[in-house]
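Put chain B on the given structure of chain A with help from the hints.
First to last, the sequence lines map onto chains A and B. The first sequence begins at 1 in UniProt numbering and counts up one residue at a time. The second sequence begins at 1 in UniProt numbering and counts up one residue at a time.
For the record, the hints were derived by calculation from the structure and aren't laboratory data. Using N, Cα and C, we set each Cβ at its ideal position, and we do this for glycine too. Hints are all accurate, no fakes.
These stretches of chain A come out as covered by chain B in the derived footprint (C-beta under 8 angstroms, 3 or more residues):
id : segment
1  : 80-91
2  : 107-113
3  : 126-139
4  : 164-175
5  : 194-202
One-letter residues, chain by chain:
There are 2 protein chains.
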Amino acid sequence: MTRGTDRKHLHLNAFLMSVGHHEAAWRLPESPASGGTDLAHYTRLARIAERGLLDSLFLADSPVLMGDPGRRPGSKLEPTVLLTALAAVTRRIGLIATASTSYNEPYNLARRFASVDHVSGGRAGWNIVTTAGADAARNFGLDDTPLHHDRYLRAAEFVDVATKLWDSWADDAVLGDKDLGVHARAERVRRIDHKGAYFRVDGPLNVERSPQGYPLLVQAGSSEDGRDFAARYAEAVFTAQQTLDDGIAFYQDVKRRAAAAGRDPEGIRILPGIVPVIGDTEAEARALDEELDRLIRPEYAKLQLARTLRVHPDALGLDEELPDDLPTEDEIEGAKSRYTLIVDLARRERLTVRRLIGRLGGGRGHRTFAGTAEQVADTIQHWHEAGAADGFNIMPAVLPSGLELFVDRVVPLLQERDLFRTEYTGTTLREHYGLPRPANRLFEPVDTGDGHLGIALAGAR
Amino acid sequence: MTRGTDRKHLHLNAFLMSVGHHEAAWRLPESPASGGTDLAHYTRLARIAERGLLDSLFLADSPVLMGDPGRRPGSKLEPTVLLTALAAVTRRIGLIATASTSYNEPYNLARRFASVDHVSGGRAGWNIVTTAGADAARNFGLDDTPLHHDRYLRAAEFVDVATKLWDSWADDAVLGDKDLGVHARAERVRRIDHKGAYFRVDGPLNVERSPQGYPLLVQAGSSEDGRDFAARYAEAVFTAQQTLDDGIAFYQDVKRRAAAAGRDPEGIRILPGIVPVIGDTEAEARALDEELDRLIRPEYAKLQLARTLRVHPDALGLDEELPDDLPTEDEIEGAKSRYTLIVDLARRERLTVRRLIGRLGGGRGHRTFAGTAEQVADTIQHWHEAGAADGFNIMPAVLPSGLELFVDRVVPLLQERDLFRTEYTGTTLREHYGLPRPANRLFEPVDTGDGHLGIALAGAR
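Pulled out of the complex, with its shape left as it was, chain A reads as follows (with noise of 0.2 angstroms):
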């Protein structure tokens, strides 16, 4: 694979959701009992994954505690944790965090990630999230969500900073010359003097530059704020698109965006969400499917819906379709791409509520797709082919079951057709996506020429 050019291969992500994305996986026999705080659990999904020499796997994350803990597993380990000691059981496969602009400060997270790509060799990313929901903003002192033009505008300054601090040693600071007695060349490392509307920060980061410069940049939001932010700084987008055209539309609006934004529109990686439930024949996939449906408890599910659509619980019937009376996406505060999903989902389908849940409670939202692996690498090759992916994010029903089929079966069948690596070539996350190192936009690269403290540079921005 050579960067940033083959457009024949597709990059897979695996979405590790503790015990799965369907919510009633925990009930299956072969799911662990704290399966969101089981290492064991996580390592030996990470190991599957990285068999089949998947780009990356992922965290999705929130900093509160996700409805009802009688429904699903909601004890979750902290990402970047999570992520360090996958790393140490895991040699190859890309690591992507979730951390939240809104509820971090910019220097303790990026001292985090720079610390995760240190310790795994360059394989970490950083899923860029804002976090919706008043339940989160009252961990962390506020009474609701800050409003969601203001949490894009506060994300766009966070990642503005983070990356300077990344910058802020340049890659040959570090000299160690002991019988010189100079650790690293001061003029090599900067402050970076940042002062913006929501951050001040002097800098330098007290960790030197990482292996891939930086983590790679993953957004996830679908809304206005959340393409034109993926259009500037992502590199991977996760998507969820359940129809072809929608995700055609989606893709060729990211890249005209990020082309717009004065970037190479190659530099974004798109991967759509899919929820593979695989078996031997198509009827056994649908049983399956329609088995996970029926374990769920619909009393859970409907609170919650009725949450995320901001009515009453009473407004909703279980075998009634939606009011008509539901708010506009403009008057959603929260995570508005998800809410446009979901009712259109819903309406285009004329679901009844017991429906829905049964199609969200798959993967909350996502494309779920149940036939053979055949059938899941021909919708796959068929997505690719259309135009509406450079990959696919797996997001498996059940774990670790759906994963190592995915692995074992839809792989191959992918290898076969010469739309997947057989083998790793390189080391870091970024080379897996084919994407470049940044550059560090506070240092020129300079030659010293007698490797010593040399002349100085410091091109500030």
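Then chain B, alone, in the frame of chain A:
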């Protein structure tokens, strides 16, 4: 060893400062080039410490680049990330990380430490610091460091919030009843609804209670505020004490304050720091000590000393004693106890600035002891038996060799004298220190009889 009652055995912690506590350690041939970010180096150190059956290892930290990057390795991995990586390569040794109450949010930090405790099987400890210094403040939007007393007020509330979050899941909350479809018992998970002067946090945490309940709480400040804080919250105290008399006085003072705060004084382990410089003969040890001091570049150290003393660098003559007109401790808003320790040391021994720099270069104010393994074991035994220490914070001047010498030569002597364990008898950090697992203050332990959705309970504080 039985819990809390074993006065005979001492406790040993390895304080791992990148390539060694001596500022010139990195100039020795054994030192790796990027010691602060080199996971292989830290892995080696952790394994040596575990081979020596030490209670724990410890990582200091401040969210700022300390001093001139030329002087010594200033680039360091974030401690909770590094601890997690070290948990993966060790099995028994405790793992203590420093984190600041001034520059973190309680929800995030409580979650990270709970996660480290989960992935390490109950080996996490938190060294609670308030972080002095304007340089650090300016990485977090402040113009200067918050006032000393305010920092401790915030720290106390921070620890209160964190312990409530750690207690927000009863130990028996996760039921995992697959038949019934109830994952955790909602009535055994509760919000904390904290509203204080510094924080408002609803909770609950999104991680279930960890193997130790929560990380071992460690503290290291020795100012008045620091001692009161330790007396209220700390289970282990690291301290810098230059003389045996000072050590005994400190030990008695902290235990007395703990009793006055209504705690069992046996519930706090006090560990003075010692920088052992070990040779086959006393002369060899002294020669190594002097070689290290010769490798110091005094221009770096003088600048730092001037900053600590709040004087202009020109006021310090390398071959003169400290000036008479220094600020009093009351005028210092930074690390008060360190300031006083340095000034007292210089005045007591009438040290020139050059000689003071040499003494501080080895361990930033901790007691350097150069001698044979026998002599090191003798001084440890003497302080222990004289009532100045429950154990020691071992701060090798040079790593890895200083730790290797301690483990291979001093530990066996302490074992021969029946002063130190000959095998790990516990699996958690608290078990190593002979301390009890903390009770959950938000839930009474209950036996629900039928093992299900039981009876309720939540005794609020």
